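Read top to bottom, the protein sequences are chains A and B. For this note's numbering, add 6 to where a residue sits in the first sequence, where the first one is 1. For this note's numbering, add 6 to where a residue sits in the second sequence, where the first one is 1.
Think of the hints as simulated: they come from the structure by calculation, not from any bench. Among the hints, erroneous ones may be present.
Each pair may be met inside one copy or between any two copies, as identical chains are not told apart.
Derived BS3-like pairs (lysine-lysine); straight-line CA-CA distance at most 27 Å [to be verified]: (1) Lys134 <-> Lys204; (2) Lys168 <-> Lys106; (3) Lys134 <-> Lys46; (4) Lys46 <-> Lys168; (5) Lys106 <-> Lys204; (6) Lys106 <-> Lys28; (7) Lys168 <-> Lys134; (8) Lys142 <-> Lys168; (9) Lys28 <-> Lys46; (10) Lys46 <-> Lys204.
Predicted model only: the values in this text are computed from it and were never measured.
Protein chains: 2
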Amino acid sequence: MLPGNIERFVRDFSRLPGIGRKTSERLSFYILSQPSEFSKELSEAIVRLKEETRLCSQCGNITDSDPCPICNDSSREMNVICVVETAIDIYYIEETGSFKGLYHVLGGLISPLNGVTPDDLELNSLLKRVTGLGIKEVVVALSSTTEGDATALYIREMLESKGVMTTLPARGIPVGTDIQYAGKGSLAQALRNREELK
Amino acid sequence: MLPGNIERFVRDFSRLPGIGRKTSERLSFYILSQPSEFSKELSEAIVRLKEETRLCSQCGNITDSDPCPICNDSSREMNVICVVETAIDIYYIEETGSFKGLYHVLGGLISPLNGVTPDDLELNSLLKRVTGLGIKEVVVALSSTTEGDATALYIREMLESKGVMTTLPARGIPVGTDIQYAGKGSLAQALRNREELK
């Protein structure tokens, strides 16, 4: 039996994704072996993470200033918006360095089975920004699932009459993956969208 | 670039063993997606873990009451003490349910190379407890390393004249391990200490 405070820590930390009971136990023992300063820093980092983090009023990005640094960066392409499901996706796309436009966080995907309708998502605000900013292209970077595809189609229909081009990131064989392991769907898309080797 | 508060969280949590930058990023995104209550609970759990955890004045175990529940448990064998390096070891031994005596935390191993002498460890307090409590057997459950073995020998010499038996946990092939993978040292010990199959 662990002492009450350790047990409480282990129980709370096991609720984090990818942290099981054993890992949580090891973390508690490690924190106990460190000076008090260390546990204070961890504890404060969690509180600040949640309390001092805001959503950008323009794009919905996670930020500590509003508008967020991306919306505020005049060197970015101001006529392309990339639509993502959650703010976290922005971080992963930024890490690639392959997109220089603006973002728009939808906050979910259209899913009639789960009761999520277009009105529950940031679609009206997307339409307003697209017309207001004179956007030429909307890149729909959503999950490659039924819900993601349905939402992408909805966005295309919404923007078609505005003369805005809707694009999707290319689908194909993941970089570094063997043909055998690419999966039927990805392989089919990759073959249909094959490119000339130059 | 992550916002400052997320970056700080990621940096602090990457200092935990087994938590890399990627895991830490995922944890931050997960915590951000949860209600404030969740992050408050985590934060409090860390502070309490460190601040409200004491060491047992008798055996050195991690505890929230002094003496610890093990020292206080009159149903345990009061004439056997198991010597461990750290309080954490007690937890793993207790998990096995195979030891019913008392414990004594040394706080380290004798290691001249690292400047750790017998005086730096809880050896005097061990001697006092052994004579005071009328201990008959001291189980030395230390790491199976040069330092661990040297410390075990030191304890045996210290206790020899007191008529106290010093024992070591058996060494051999780990349960569930193939002969091929047991390792030369373990296999040699296992062969020397072979037991009759009854």
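Subject >> Same-copy or cross-copy closeness of Lys46 to Lys168 [CA-CA at most 27 Å] >> reply: neither (53 Å within a copy, 46 Å between copies)
Subject >> Intra/inter-copy verdict for Lys46 and Lys204 if alpha-carbon distance must be at most 27 Å >> reply: neither (57 Å within a copy, 56 Å between copies)
Original post:
How would you classify Lys142 and Lys168 at a CA-CA limit of 27 Å: within, between, both, or neither?
Top reply: within (9 Å within a copy, 89 Å between copies)
**OP:** Please work out whether the CA atoms of Lys168 and Lys134 approach to 27 Å or closer within one copy, between two copies, in both situations, or in neither?
**Re:** within (11 Å within a copy, 87 Å between copies)
Original post:
Quick one: Lys134 to Lys46, C-alpha cut-off 27 Å, is that within a copy, between copies, both, or neither?
Top reply: The answer is neither: 44 Å in one copy and 36 Å across copies each exceed 27 Å.
Subject >> Homomeric proximity label, Lys28 with Lys46: Cα distance no greater than 27 Å >> reply: Answer is both: 23 Å inside a copy and 22 Å across each meet the 27 Å cutoff.
Original post:
Checking Lys134 and Lys204: alpha-carbon separation at most 27 Å within a copy, between copies, both or neither?
Top reply: neither (41 Å within a copy, 82 Å between copies)
**OP:** State whether the alpha carbon distance between Lys168 and Lys106 is at most 27 Å within one copy, between copies, both, or neither.
**Re:** within (22 Å within a copy, 78 Å between copies)
Subject >> Intra- versus inter-subunit Cα pairing at 27 Å for Lys106 with Lys204 >> reply: Classified as within: same-chain Cα gap 26 Å, cross-chain 74 Å, threshold 27 Å.
**OP:** At 27 Å max between alpha carbons, let me know whether Lys106 reaches Lys28 within a copy, between copies, both or neither.
**Re:** between (42 Å within a copy, 23 Å between copies)
Checked against the numbered hints given earlier, this structure breaks hints 1, 3, 4 and 10; the rest are met.
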